[in-house]
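Just so you know, the protein sequences line up as chains A and B, in that order. Heads up, the first sequence is in the numbering used here, so the first residue is 914 and it goes up one at a time. Heads up, the second sequence is in the numbering used here, so the first residue is 914 and it goes up one at a time.
A portion of the hints provided could be inaccurate.
Residues on chain B that point at chain A, a partial pick, calculated with CB under 7 Å [what the hints assert, rightly or not]:
#, residue
1, 1067
2, 1069
3, 1072
Chain A stretches covered by chain B per the calculated footprint, using a threshold of three residues with CB under 8 Å from any CB of chain B [unchecked claim]:
#, region
4, 930-943
5, 1154-1163
6, 1226-1232
No lab work stands behind these hints, which were simulated from the structure alone. Heads up, the beta-carbon is just placed ideally off N, CA and C, and yes, glycines get one too.
Protein chains: 2
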Amino acid sequence: MTNPVAMAEVWRDPFLESVHHGHAVVCDDTGQIVQTWGDPHKMILPRSSAKMIQALPLIESGAADAYGLGTEHLALACASHNGAAIHTDRVTKWLDYLGLNDSDFRCGPQEPDDRDARNALIRAHESPCQMHNNCSGKHSGFLTLNKHLGTGPDYVDPDHAVQRACLEAFERVTGESSPGFGIDGCSAPNFATSLHGMARAMSHFAAAPTGSAEERLRSAMMLHPDLVAGEGRACTNLMRAMGGKVAIKTGAEAFFIAIIPELKMGVALKIDDGGTRAAECAIAAILVKLGVLEPDHPETLKYLNAPIRNRRDLVTGAVRAAPALV
Amino acid sequence: MTNPVAMAEVWRDPFLESVHHGHAVVCDDTGQIVQTWGDPHKMILPRSSAKMIQALPLIESGAADAYGLGTEHLALACASHNGAAIHTDRVTKWLDYLGLNDSDFRCGPQEPDDRDARNALIRAHESPCQMHNNCSGKHSGFLTLNKHLGTGPDYVDPDHAVQRACLEAFERVTGESSPGFGIDGCSAPNFATSLHGMARAMSHFAAAPTGSAEERLRSAMMLHPDLVAGEGRACTNLMRAMGGKVAIKTGAEAFFIAIIPELKMGVALKIDDGGTRAAECAIAAILVKLGVLEPDHPETLKYLNAPIRNRRDLVTGAVRAAPALV
Chain A
914 MTNPVAMAEV WRDPFLESVH HGHAVVCDDT GQIVQTWGDP HKMILPRSSA
964 KMIQALPLIE SGAADAYGLG TEHLALACAS HNGAAIHTDR VTKWLDYLGL
1014 NDSDFRCGPQ EPDDRDARNA LIRAHESPCQ MHNNCSGKHS GFLTLNKHLG
1064 TGPDYVDPDH AVQRACLEAF ERVTGESSPG FGIDGCSAPN FATSLHGMAR
1114 AMSHFAAAPT GSAEERLRSA MMLHPDLVAG EGRACTNLMR AMGGKVAIKT
1164 GAEAFFIAII PELKMGVALK IDDGGTRAAE CAIAAILVKL GVLEPDHPET
1214 LKYLNAPIRN RRDLVTGAVR AAPALV
Chain B
914 MTNPVAMAEV WRDPFLESVH HGHAVVCDDT GQIVQTWGDP HKMILPRSSA
964 KMIQALPLIE SGAADAYGLG TEHLALACAS HNGAAIHTDR VTKWLDYLGL
1014 NDSDFRCGPQ EPDDRDARNA LIRAHESPCQ MHNNCSGKHS GFLTLNKHLG
1064 TGPDYVDPDH AVQRACLEAF ERVTGESSPG FGIDGCSAPN FATSLHGMAR
1114 AMSHFAAAPT GSAEERLRSA MMLHPDLVAG EGRACTNLMR AMGGKVAIKT
1164 GAEAFFIAII PELKMGVALK IDDGGTRAAE CAIAAILVKL GVLEPDHPET
1214 LKYLNAPIRN RRDLVTGAVR AAPALV
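Turn these sequences into a full structure, and let the hints guide you.
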């Protein structure tokens, strides 16, 4: 076991106030490690960074084509979205088309991160619905697969056919037998693997040929960065900055992945303490190191050297990539 | 320099998903270290954990008595409050009494953490004011001192008489010469010291005799736990659980202090990565270790072994104190 390495420094100038440590792996298309920081064997839960894996059975089963899902649906199936109108409108139509409604979800309600959507609910004295849950696109995918399979309503049960299909896909692309799962924020099982396993899975997505389920999902993510997260979010901003050539995805507790088709490489990283600001900084630094993100792009600088502003909008410091990543 | 020690573990059962490391010092009334974890010499910014020190000049100058401030005002001067009506109503009256208004603040506006207050603003299509800033009580104290001194309006300028008085008090109670300051979220300078210096300052507050400025401030905090933070907050909940016998105070970037009069001891702790959930867990563990917080009190368990609930209110894991603290 290798100790985690410092990945992001939080400066309140002129003092270094906080530091985040973590682990990261870059894999090539043979699944071999190209570069690593910390412990590549660390057992992790990829959380929402696994959504494109959880969407594989949706395509591989034939469900996506049977229900005529397009790239927007596939991007939403891989999304942790803000609950903005662009997300919830599409999810609502998708549910309608399946002949289902909000009560068929098993993800639970969540106050939208999108300010306009949040304020509209508050002004209408309405509670958030399950469609506002950041995972409602993934769950729409689960519901589509479930309808296609004709299986029971509790599709988040680890023994349900939908989740068994997810586990099969997960073990196949990570190349590892999963030692178990935790229950995610949206109530679906989230399968464990090593950090190397997750990077291997992402290199598999990166190298997958045109027309494969993996390619369709990564392409949908790259085509619709606004659907995968939302305005102001790192996934959306950095995918836009890379001109649709790389797919990236955050996960809770400071997980992050990247799928880089032009290099046939995958990246997986985990900040040990779960600090999202550090995961965003570290993934930006690694994408710059790999030559797929411009170091001076204004969006890059929002994460690589992110100014900290106070209540009067004064810059009081910055979150900066640690020396090991620059 | 000693490495930080693991202080809080984040479990997504059955997996250990994240870990927070930090440093802590317990001091007695002579300023000697009683117990330490990690590096007591670590240079830190105490952030809002320094508010009772920043309130010393308010009393020592005679300003608090000249303006007839009571224990509620003193508690608010030490507060990082939720911006609930119980906080903002009192701050508004205080300002009125000084003949000042919201525009005299230099803390900046902040959306209240209190849900009712936040929703009321959104429904009224109103923007948050500076009085909603969690530091508006501290700034009301600054404004009171400023009025008493007859000095200029930019009271957060590090060269202003108000801040020079804060620095003098800070160096006196920490027993150290401060190497500088960062600018805080509320735009006031936040002076640096060692973790030992901060624990020494807190033991000084703990041992201070009845009628001293230090005793008046710690007593005001212990008397009004609801004003120091607010409903649902660790400071409020844990001070209530200790029956008004201990004053505790959080600070940004995972700082926490405790003032324990019955033991004449002070505690200061810093989680290296700035994770507040870990600081709350660690201070609860240390207060239990010192015998001033019941280990089985329902409020204690909210922090020492805090259940993590998902969007459907299922318990998916817990934030638990690490072995070094139990």
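Evaluated hints:
{"no.": "1", "hint": "1067", "in the structure": "violated (12 Å)"}
{"no.": "2", "hint": "1069", "in the structure": "violated (9 Å)"}
{"no.": "3", "hint": "1072", "in the structure": "violated (16 Å)"}
{"no.": "4", "hint": "930-943", "in the structure": "holds (count 5)"}
{"no.": "5", "hint": "1154-1163", "in the structure": "violated (count 0)"}
{"no.": "6", "hint": "1226-1232", "in the structure": "holds (count 4)"}
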